[in-house]
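Protein chains in written order, with my numbering: chain D, 1 to 202; chain X, 1 to 191; chain G, 1 to 193.
Keep in mind that the hints are not guaranteed to be accurate.
Here are the simulated SDA-like cross-link-like pairs (lysine to any residue), alpha carbons at most 20 Å apart as the crow flies [stated by the list, open to error]:
| no. | chain 1 | residue 1 | chain 2 | residue 2 |
| --- | --- | --- | --- | --- |
| 1 | X | Lys165 | D | Phe48 |
| 2 | X | Lys65 | G | Ser18 |
| 3 | G | Lys26 | X | Val88 |
| 4 | G | Lys28 | D | Ala92 |
| 5 | G | Lys39 | G | Phe62 |
| 6 | G | Lys83 | G | Arg61 |
| 7 | G | Lys65 | G | Lys151 |
| 8 | X | Lys125 | G | Ile33 |
| 9 | X | Lys34 | X | Leu150 |
| 10 | X | Lys65 | G | Val25 |
| 11 | G | Lys26 | G | Leu14 |
| 12 | G | Lys108 | G | Ile33 |
| 13 | G | Lys108 | G | Gln138 |
| 14 | D | Lys67 | X | Val88 |
| 15 | G | Lys151 | G | Pro133 |
| 16 | G | Lys151 | X | Asp3 |
Ranges of calculated distance between the beta carbons of each label pair, as one might list FRET restraints [stated by the list, open to error]:
| no. | chain 1 | residue 1 | chain 2 | residue 2 | range |
| --- | --- | --- | --- | --- | --- |
| 17 | D | Pro171 | G | Gly20 | 54 to 60 Å |
| 18 | D | Gln3 | G | Gly19 | 37 to 43 Å |
| 19 | X | Lys94 | G | Phe62 | 58 to 64 Å |
| 20 | D | Gly124 | X | Arg162 | 43 to 49 Å |
| 21 | X | Glu156 | G | Arg2 | 49 to 55 Å |
| 22 | X | Arg157 | G | Ile8 | 49 to 55 Å |
| 23 | G | Ser140 | X | Val69 | 39 to 45 Å |
| 24 | G | Arg2 | X | Ala83 | 31 to 37 Å |
What the hints contain is simulated information worked out from the structure, not anything from laboratory work. All values derive from a computational prediction rather than experimental measurement. Glycine included, each C-beta is placed from N, C-alpha and C at the ideal position.
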Amino acid sequence: MAQSLAKEFTKGLWAEIPPFRLVLGLCPALAVTKSLENGIGMGIALTFVLVCSNLFISLLRNIIPSKVRIACFIVIVATFVTIVELLMQAYAYELFLTLGIFIPLIVVNCIPLGRAEAFAYKNGPLLSIADGLGLGIGYGLSLSALASVREILGNGTLTVWGGIPAFTMGPDFLPFKFLLTAPGAFVGLGLMLCLMNLIGKK
Amino acid sequence: MGDLFVLVISCIFINNILLAQYLGNCPFLGTSKKMETAIGMAMAVIFVLVLAGALTWIINEYMLKPMDVVYLQTLSFILVIAALVQFVEMFLKKSIPALYGSLGIYLPLITTNCAVLGVCLINIKEEYTFVESLVTSFAYAAGFGLALILFAGVRERILLARVPKPLQDVSIGLITAGMIAMTFMSFKGMV
Amino acid sequence: MREMINMIVVLTVLTTFSGGLLAAVKSKTEVQIENQVLKFQKAPAIKGIFPETTNDPLAERFNVKNENMELQVFPGKLPDGSKAVAFETSGTGFGGAVGLMVGINLDKDTIIGVRVTTHSETPGIGSRAKDDPAFVSQFSGKGMDTNFGVKADGGAIDAMSGATVTSKAVSLAATQAKEIYQKLKPEIVKQMN
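Produce the complete structure using the sequences and hints provided.
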């Protein structure tokens, strides 16, 4: 049991790490990765939603009739997304302002719904939690990696939490502003995907 | 009237939903491998988004606001969109089978297209009136279609090119999208 | 038939449960959210308008009834002894809502300053007005008899180049503030004492 739990958890960190291996949830990956802080915030929000929705769907999997299962998944996921939205508004307001519309859009981000359909509806609660935790943390890590690259090269800073840069490149550094714009996000993610393919295809 | 025109231009080109607002990327990469599918998806999104924009605006104004339950927005909007997509699918199948034949397979994908829910939420957030919401919904969807069709055109060519192995498929797709986004950036300052 | 009933029951129970849960979370976080909005959106704007006050405008805020809406008013006592108020209006022109905090000197009936409060995720809209101090400073010192429209519409405000639409929304909000102030001044003065 412990072994299969570990397996479900670790697959999200490498073998199926979203959004690289499991190409879902691209929009927030592009939109919120201007600074590391936002990437981490989005990762935490998604992990919370994913773990809760996976747990509930897995607990209710024998009660939910298969014909209306998608509607039920949507209700459950949307409920937790709204909870995250309210909590963030109450306790991390600045982050809520920068993530903005991408918090409610976790509902259609495909990862929670995709995991509900592909995993939680077929497996027990413990395994589902492990699955959600792994994929959520994996997603957070990918976002953080991309955000770090974009923030360091694009702005010359690195902000972990609270809006104050933990690290700056110094006055001689000329920031590559292109990375902070929309095209920069697309190209950055594309190159990172290429790098992942290069490492994985050995 | 002039203002509405400016709104249309800004939604299609300057604030293009895909390339400037980062919404709807999954179907963007998923359905852009062939021109035919791209056109089908673009039409389906325009159709559904205009309906969804109108419907969610009415729900927000006449149900959520009077009852003071605006926090149920996300939940109710996504359910409305899901139900709407189902309904449109059934309706088209029965009454306009020809249209269903060309759009049918894209409809279920639209529920999880974040551009649809995104535009509905933007309409509410920016406090647009009903007419403005209709116009922005159409314009954003048209912008989505435009970007998707342009991208599909480029991608059909890429299939013939020799792309290095690690860059293939989604990776080169994202970089191409970046190039298109760059051209769209030059529209900034038009309004 | 049984399957049908089962489906309806499950969906109803699920939505009721989720509605209840959300209502509970909402009521638990409501006060905290209001504080956060005050702290992060309104406080910086007020600080920008009244850099120095002898009182705390945030703590002394009060509500004034404007038709069927409650208007939140922040009173400020300036170092030179004159009294001022700040309140928020919004210009719902094209391009979405732009929130504007307007500070008015009660003794002289002039605008002390304005600040854009809305944080819009749409790039370009509203954010320009925040980054462009020359634009918002045009309002400072203007009397209540000024036409706050942009110059193209016969008003006194220079629009930001390349952001006509945002400029219009801001001037619309300022005009609205003028109307509210003229209508509610007696009520505001009464509540301040």
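Hint check:
| no. | hint | in the structure |
| --- | --- | --- |
| 1 | X/Lys165 x D/Phe48 | violated, 36 Å |
| 2 | X/Lys65 x G/Ser18 | holds, 19 Å |
| 3 | G/Lys26 x X/Val88 | violated, 34 Å |
| 4 | G/Lys28 x D/Ala92 | holds, 15 Å |
| 5 | G/Lys39 x G/Phe62 | holds, 16 Å |
| 6 | G/Lys83 x G/Arg61 | holds, 14 Å |
| 7 | G/Lys65 x G/Lys151 | violated, 33 Å |
| 8 | X/Lys125 x G/Ile33 | holds, 17 Å |
| 9 | X/Lys34 x X/Leu150 | holds, 11 Å |
| 10 | X/Lys65 x G/Val25 | holds, 18 Å |
| 11 | G/Lys26 x G/Leu14 | holds, 18 Å |
| 12 | G/Lys108 x G/Ile33 | violated, 35 Å |
| 13 | G/Lys108 x G/Gln138 | holds, 17 Å |
| 14 | D/Lys67 x X/Val88 | holds, 18 Å |
| 15 | G/Lys151 x G/Pro133 | holds, 18 Å |
| 16 | G/Lys151 x X/Asp3 | holds, 17 Å |
| 17 | D/Pro171 x G/Gly20: 54 to 60 Å | holds, 55 Å |
| 18 | D/Gln3 x G/Gly19: 37 to 43 Å | holds, 40 Å |
| 19 | X/Lys94 x G/Phe62: 58 to 64 Å | holds, 59 Å |
| 20 | D/Gly124 x X/Arg162: 43 to 49 Å | holds, 47 Å |
| 21 | X/Glu156 x G/Arg2: 49 to 55 Å | holds, 51 Å |
| 22 | X/Arg157 x G/Ile8: 49 to 55 Å | holds, 51 Å |
| 23 | G/Ser140 x X/Val69: 39 to 45 Å | holds, 41 Å |
| 24 | G/Arg2 x X/Ala83: 31 to 37 Å | violated, 23 Å |
Of the numbered hints given earlier, the model fails hints 1, 3, 7, 12 and 24; all others are met.
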